[in-house]
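S.K.: What follows is the residue order along each chain.
Protein chains: 2
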Amino acid sequence: RARGVEPDKYLHGLGAREMAVAEPGEDTVALAALAARRALDAGAVNRADLGLLIVGTETGVDHSKPVASFVHGLLQLPSAMRVYDTQHACYGGTAGVMAAVEWIASGAADGRAALVVCSDIARYGVATAHVPFCKMARKAHVQVRRCDAEDAGTAWDAAAEERAAASFADQVEPSLGLCARVGNIYTGSLYLGLAGLLHAQAPALVGERIGLFSYGSGCTSEFFSAVVGRRAAEQIAAANIAELLAARERISIAEYERLMALPAN
Amino acid sequence: RARGVEPDKYLHGLGAREMAVAEPGEDTVALAALAARRALDAGAVNRADLGLLIVGTETGVDHSKPVASFVHGLLQLPSAMRVYDTQHACYGGTAGVMAAVEWIASGAADGRAALVVCSDIARYGVATAHVPFCKMARKAHVQVRRCDAEDAGTAWDAAAEERAAASFADQVEPSLGLCARVGNIYTGSLYLGLAGLLHAQAPALVGERIGLFSYGSGCTSEFFSAVVGRRAAEQIAAANIAELLAARERISIAEYERLMALPAN
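Sequence order for the protein chains is A and B.
Reading the first sequence from the start, the letters are residues 1 to 265 in our numbering.
Reading the second sequence from the start, the letters are residues 1 to 265 in our numbering.
Hints may be right or wrong, so weigh each one.
Pairs count within a copy or across copies, as identical chains cannot be separated in the list.
DSS-like, lysine-lysine: derived pairs with alpha carbons at most 27 Å apart [unchecked claim]:
| id | residue 1 | residue 2 |
| --- | --- | --- |
| 1 | K65 | K135 |
| 2 | K9 | K135 |
| 3 | K65 | K139 |
| 4 | K139 | K9 |
No lab work stands behind these hints: they were computed from the structure.
Turn these sequences into a full structure, and let the hints guide you.
M.R.: This is the structure we're talking about:
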């Protein structure tokens with residue numbers, strides 16, 4: 001119990017079990033560059049093939065210079081690339097993914113590859129209760145089922161609620177494993193969910209179509225589907241998610257507050 | 001002569017003759033909404049056909065909520081739209097244009113239309129000498145000609161410089177008419193140049209391929225070409241550029257400084 005709030009609020013109210021925080025001095029640029037380097041090191045894409053770098057963020061470091069430019073410079077990526085940031089609250093990352101997909105689908109990519117990075121820094125103030133946590137997905141799922149029942153003209157009763165809970169456990173919960181251990185990461189939220197799903201079930205999902213819903217509180221949202229690729233298991237393994245989580249250092253609320261009180265940079 | 005600077009610096013050094021400033025209280029959102037409304041009113045695109053709204057800006061008003069969301073709400077655009085901002089210094093607008101073009105070319109648009117708005121607010125401080133003015137285009141053009149000469153192994157002499165100046169007057173200067181009367185507008189700069197070119201020569205250019213170069217100081221740039229559409233003359237006329245320029249109110253440097261000293265909003 002800290003800051004006068006019962007742990008239950010986080011565990012059941014938000015669905016969070018652990019929360020990752022950046023090291024002091026780590027900013028949106030540092031996190032984005034690290035994520036991009038890990039993706040390149042893991043062989044997700046060949047550095048020389050890159051023609052587009054987009055960073056989706058809602059916590060940029062400069063109005064004029066995009067986070068993507070810093071990443072481009074820090075990683076010494078090829079000079080003949082289109083480089084920019086996309087922004088729309090937590091939907092900003094998906095805006096970048098869509099622009100990259102359409103760059104390729106339009107033929108403009110001409111065989112080159114795109115790298116999209118989602119990066120944000122959050123600081124949880126004492127009075128803040130940030131909503132987009134796991135619990136939000138559960139509420140949304142139940143609401144969708146309720147709409148389905150209305151459309152079908154069937155009753156929304158205890159049995160229907162139970163079926164909604166069961167389908168949530170089956171269809172949605174597997175994608176929330178990582179979210180519950182990391183917390184809200186803003187533009188990357190949907191992709192952390194996807195990583196969690198693949199981390200848990202990639203071998204079984206190859207070739208399957210999955211639904212993805214991205215929401216930006218600005219407000220916009222996009223629902224789309226994707227087919228899990230045949231290299232998904234190998235790629236999610238290369239991301240070393242279990243080791244990265246295990247390598248975190250546990251800190252107390254008092255230590256967290258001390259870190260947050262440090263001047264930026 | 002104001003602020004201890006000779007007028008010549010602006011007239012010849014930067015190539016600027018007049019400079020437009022926003023009214024007190026006008027911010028990036030207000031300018032973007034006005035530009036979008038004018039485009040819709042001029043019939044550039046059918047409101048009901050819109051499926052994508054992108055605002056390119058380097059002077060957003062909020063980290064999380066994009067300018068595009070404010071515009072979307074103010075103009076009561078259709079709810080089923082993808083809405084976000086693109087950012088990369090002055091290249092940010094072109095990033096949005098490219099994403100919109102590729103959204104359409106990829107087939108994802110499915111017959112819907114995109115609206116891309118470039119909007120920025122500049123405040124010229126006493127010590128600021130903002131570079132991306134008309135003169136920059138002249139220097140760049142001469143440099144390109146010099147490179148061409150090097151590639152061709154021909155001499156770069158006085159005659160070559162004269163030819164470069166002549167081709168600048170022929171190929172580039174017509175697009176700088178509006179820029180010289182408005183000043184630097186950041187993400188919209190290239191498109192102000194395009195509007196100036198069409199304003200001056202649209203009927204003669206229909207069906208012609210023109211080159212466009214967009215630069216972001218972040219740093220990225222993109223050179224692309226476009227063919228002037230057959231409705232170009234009619235559309236540039238509907239923009240009422242001459243009237244808009246004539247409707248400006250002339251203010252003194254003292255008045256400008258008084259306005260800039262007003263609190264934002």
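S.K.: Next step is simple, just say for each hint if it's right about the structure.
M.R.: Do the hints match the structure? See the list:
{"no.": "1", "hint": "K65 <-> K135", "result": "between (35 Å within a copy, 23 Å between copies)"}
{"no.": "2", "hint": "K9 <-> K135", "result": "within (11 Å within a copy, 60 Å between copies)"}
{"no.": "3", "hint": "K65 <-> K139", "result": "between (38 Å within a copy, 24 Å between copies)"}
{"no.": "4", "hint": "K139 <-> K9", "result": "within (15 Å within a copy, 62 Å between copies)"}
In summary, the structure agrees with every hint in the numbered list given earlier.
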